[in-house]
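All chains, please: the whole structure from these sequences, using the hints.
Chains as they are written, first to last, in this note's numbering: chain A, 63 to 1017; chain B, 144 to 546; chain C, 97 to 195.
A few of these clues could be false.
Stated by the list, open to error - From the structure, some residues in chain B lie toward chain A, with a derived Cβ separation under 8 Å: (1) LYS150; (2) VAL267; (3) TYR291; (4) VAL292; (5) ASN438; (6) THR450; (7) GLU528; (8) THR532.
For the record, the hints were derived by calculation from the structure and aren't laboratory data.
Glycine included, each C-beta is placed from N, C-alpha and C at the ideal position.
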Amino acid sequence: MSGGRLAENGGQRIRRGEELRFTFDGDSRVGLAGDTIASALYAGGQRTFSRSFKYHRRRGELCGCGQCANSLVTVDGAPGVRACGEPLRDGMQVEHQNAWPSLELDVMRATDLVGGPFTPPGFYYKTFIRPRRLWPLYEKVLRSAAGLGKLRRRQPEREWRTEYRRRHCDVLVVGGGIAGLSAALRAAQLGADVVLCDEDVEPGGSLLFEGGHERARDLAARCREAGVEILTRAPGLGYFDGLVPVWQGDVLHQVRAARHVAATGTLAQPLVFPENDLPGVMLAPGALRLAALYGVDPGRCAIAGVDDRALETALSLHRLGVQVAVVADLRPDADSELTAALETAGIELMRGVTPVRAGGSKQLAEVQVGPVDPSGRLRGSARRIACDVLAVAGPQAPASSLLLQSGARARFDDTLQSFLPQEAPPLIHPAGAVAGHADAESAMLSGAVAGAEAALALGFGEREDRDRLASERAKLEAEAPTVRRAAPPAKSHDGGRGKAFVDLDEDITAKDVAYAAAEGYDSLELSKRYTTVTMGPSQGRFSQLASARVLGEVTGRPLGEIGVTTARPPWTTVPMGALAGRPFEAAKRSSIHARHRDLGATVRWAGDWRRAYDYGDVEGETMAVHEGAGLIDVSTLGKLIVRGPDAGELLDRLYPNRMSTLKPGRIRYGVLTSESGRISDDGTVCRLDDDTFYVTTTSSGATAVERWFTWWMASWPELDVTLTDVTQGVAAMNLAGPGSRDILAKLTDADVSNEGIAYLDGPQLAIAGIDCLVLRIGFVGELGYELHCAAPQARGLWDAVADSGARPFGLEPQRILRLQKMHILVGQDTDSETTPYGANLDFAVKLDKEQDFIGRWALEHYEERPPAQKLVGFTCPGGEVPTEGAAIVEGDRVVGQVTSSRRAPKLESSIGLALVEPRLAEDGASISISDDGRRIAAAVQTRPFYDPDGELLRS
Amino acid sequence: MRDIFRKRRMWKFATELKPRYDVVIIGGGSHGLATAHYLREHGIADVAILEKSYIGSGAAGRNTTILRSNYKTPEGARFYDASVKLYEGLGADLDFNLLFSQCGHLTLAHSDRAMFVMANRAEVNRLEGIDSQLIGPDRVQELAPAMYVGPDTTYPIMGALYHPPGGIIRHDAVVWGLARSAFEGGAEIHPYTEVTGLRRQGDRITTVETDKGSIEAGVVLNCTAGWSSVIAEMAEMQLPITTHILQACVTEPVKPFLDVVVVSSQMHVYISQSDRGEFVMGSEIEPWTTYRMQNTLNFLQDLTRHTLELFPQLERARLLRAWAGLCDLSPDYSPILGKTEIENFHVSAGWGTYGFKAAPIVGKMLAELVATGKTPELIAPFALERFYTDELVSELAAAAVSH
Amino acid sequence: MSFVLDCPNCGSREVTDFGFGGEVTTRPTGRPEFKELNRYVYFRDNKAGVQREWWVHRAGCGEWFLAERDTRTNEVIWTARPADAPPARAAAASEGAPR
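Okay, here's the thing in structure tokens:
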């Protein structure tokens, strides 16, 4: 029985004697420290790890390095873990995926038994079309069979804490094989700050299992000495214009390097023959890794390949003490030192043959090999070889995703029988096997060249380093690789039944691809989308070339013309939690926020801010403003200081009214519009002195207005003016109500009479000993003072004012109060098309001013034409409060919408604002509101509901 | 069922261009192909579809396959409703299952302002006869039991706009079904044929130049979405469009637990789970203009972070693949459809992120326009002319201070 | 986070640090016809190629600056304060300023 452990050997990762206990589908299992989940399972005799996506076929060890989707398991509730790449930990709970009720007794296996003829590609597109009403039922069945792993149905919050790390460096080397190590070492020796990332638990790449582990470890040690930061178990996920995210466990490194070395190596490719997905059919490096790194005896091995790699694999396995049955080399004429070595080792080499069928029930028991014709069909008879493992060494394909993402092109190389990335952009240096330098020595040299090129380009190194690079480059070019590789057929077979897969993730056979091509899906992209080939969890790593070969064969086009599909990130599938980083909430809170919490405020989102909506008594708070005094935190208002000799000129160009004529200490309302005359924001402008204006904006518009102002300032360099955004540094609160003057009087020695501080005055006073800008304005419709002070002092001011008798009120009472006055909220009572004329802000547009200003031309146009919609007030005699957003209708025709609505306790009525067609904007006009199907009668009112003449404001 | 076993050739791509066609459609995406499909109803068959890559390679094959009609403006709602209705029957028309799953569509509201906008949309939709309702958090939880609808989240769910007829469809199937119909109707589909220039004489386009040769055209249709401006420039005209990338991604398949489409505009995500079990997620467009269809890292980071606010259990689900497509954004987020100042040059552009949802109705309307020379009433509000007269059909809630 | 821009004030930063201000347009001088106004307000070259455009260092110094970028590749050719910017190829000296 295979699966025990081999004798010790210097390269093994396992630590014998250090046992780790874990469970697989609930059964307890034992592995060794250093094992992967898969190596431990395999050593314990487990051959099937999961079931496949469509046909529920058995899936087991394949690539041995976490690149394939054959060993997807769920670990401690996390699905999609690659068992063959995931280090074993003590106590892990491992479960299979996609089989029910158990891995062995999978009822969905039926889809395979009947599946072949019943599920040709595109099956669903051709079925269940009529009657349409039955489709949801079919779909339900379909969905119940979908998916691989299982997630918890509900989870209240994230449990996995992940972090981002930003790392700037000179050179990032992606891939820690011999080429990557060599590149990193050279660049670091030249003085560059180098980061190297690799997917494996240690750098070294294929050296680690091909007998070069000592060399690999030595190189890595020298890199570390030279200062290279080595990240392991850390795949580079993609190339985002020079930014490479590297995923390492709980950390996502965002590496921004000046230069990149792509040393991403190659991927062994499968061969296509019937039953080529049986557990036991592995990629050659997969079998080697099992034996070399984990000391697992894979069992009796047969090797099949197209080049020397098959021979090398056989010799390596043999050296490790694995029984090698035979090597099936597709080349008819293999003859080299390696063939001699095989002979010496007593390993049989069959030339000119390839597998035409695998056999076995639950796992591989035999393979049939024989010579095939160019179409892949067996010529003559096949030979049966009993074996536990078939190690397949198809043509190596460059792992070129990163290079292709960076802009390189893939060109088919006839010698290598795969697509090589070409024309990499100048900031990225390919090295090693991905660049066609596959053997260890030329990979080492090409790494050194790439590392030197990167470092020298950044200004490191001396003249002799350049000379050295030139000679190394020449040497590399002179020693162009002499690979002898046979082109495998798209599919080799004996003419019998059985599925020959080109894509093990998606259960796509060569026949499926050919069938789809015959239907018209004969380009790689169409084939991919129609058959889903290459779209599974291994992202086409092991299926793109195989499916391209099938397309090439059926269409008669060369592979170079078939091409490759677009390389897309991420290179390695990555848990969403790792990309998401730490959850954060970019909320702003005012400097008085603690008081609101103390007072038990209901806190809600208002744009980016967390604000007090009320303090539990909306009506009481509202009435307090009417009858005594209220206090609301309005620190969220945008606040800008515009200063300079041309400050007035700037504001005159941005506002449709005149600001330059304001007298110091006076305030004016202003509305901002776009060039098309649409309202974008509003607020007040207070002139502090000749050169200085204090501009407030809406809370939600603060950032945009700041940006609008500064953009125009950049466009008008002739203006001598500066802008300072003090939104965060200055707090503000509105003291309002008939009693507010008395409160103010208690807190200042200044004359606060109606003459001392008149309506629209903006004096600078000490209130409760705190320097304030006092704006006498009346957003809520009662006598009021907006007090602006330095944010750190605001809590003191708030306390002083509140202690003097002002009752805190929240956003909701403020909305009622301002609605009574028909004071608009930009963005709520205006929409993207509202002009000042539509919002009754004609008074704020001064077309008689000589100056050009933003929006002037459009406003001149709209002054003469009725707006599409006009803002009006309305009352509902029936007392209903329509939903904000409800439609104004005539019959079923929409003629407007309710923009604001509330019950006003002071007025004891239901009031609102609505945008309506102008013909309805007449006092007393009756309008009909459609609110969730209900019809509500309302009457239009154009004058404010409360204090229409503003007497209270001015008194 | 007979078709399952019968290998039926879908199309045969044309290789040689004729010297002249009555109708030249630039763009082999869902709009171009749909137009060719509906031109059959008018007996117009002398049609060439010029596609610079493979059919459906642009927005048609890159969108997140969501269909809905709960738009803000009556004009928009009416138009997209007509589209959804056509989509409902399109599979049968094309004899191709488009896997249209009307699983329902939820737009979440996390603020008062959002509730206000949703209420307005629900009302406008209802008046247009569209099933669209404002629902509370409890009903949201019922429809999406796997989503975390708790009061203690960063962005509490105050309610949602629920649109039962909305859902997802197989985008590629739409392309293929339409392509087959166009082909069977006699239209020539020319993939890998790039338009390189347009020759204009006065108010007419006379010649379409391609990398495979020049052709004369009776009518030319610009159905190129993200590249609309580039084609328009060849015709010496400007469009009110900017081109941006929109990105999406998909996870490895997991056992299904989400049966509705979930959208959060505040968090800029939309999420659905496909019939294969993959979570398909998209975000809003990048603010800067570009023609480079490449993903950005911040998209992946923001999108995953926001998705996990709603579905924390997806933290261990693995992101499999991300991609980007181009969007042609108009100033009012409504399309630009129909006639231009050039007599025989019509456009289907300005779709922003909504183009795929409109494919069949665009095809039907453009075909009618080509056949009759008259702009159908349904699309009259979307004329290019509206930007010269400043009569927008704004799908935007509020004006923003921006350029 | 994909391409980087050189803020003339702060140096090289990820694009996510910046706000995009759109392609540079020329504000009509004098009172335009309504159609001309709307062409300026709504219509854009939207060039697939080198575009002159506005950026603001949103997450940094807050300064607005000009850039030329190839929209096909996102390669940023230069960035500069408006006063230091090379003259635009087309005759458009004014950066949209009302006079």
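Comparing the hints with the structure gives:
1. LYS150: Holds - the Cβ of B:LYS150 comes within 8 Å of chain A, reaching about 6 Å at its closest.
2. VAL267: Holds - the Cβ of B:VAL267 comes within 8 Å of chain A, reaching about 6 Å at its closest.
3. TYR291: 5 Å, holds
4. VAL292: The hint is violated - B:VAL292 has no Cβ within 8 Å of chain A, the shortest such distance being about 10 Å.
5. ASN438: Status holds, d = 6 Å.
6. THR450: 7 Å, holds
7. GLU528: 16 Å, violated
8. THR532: 10 Å, violated
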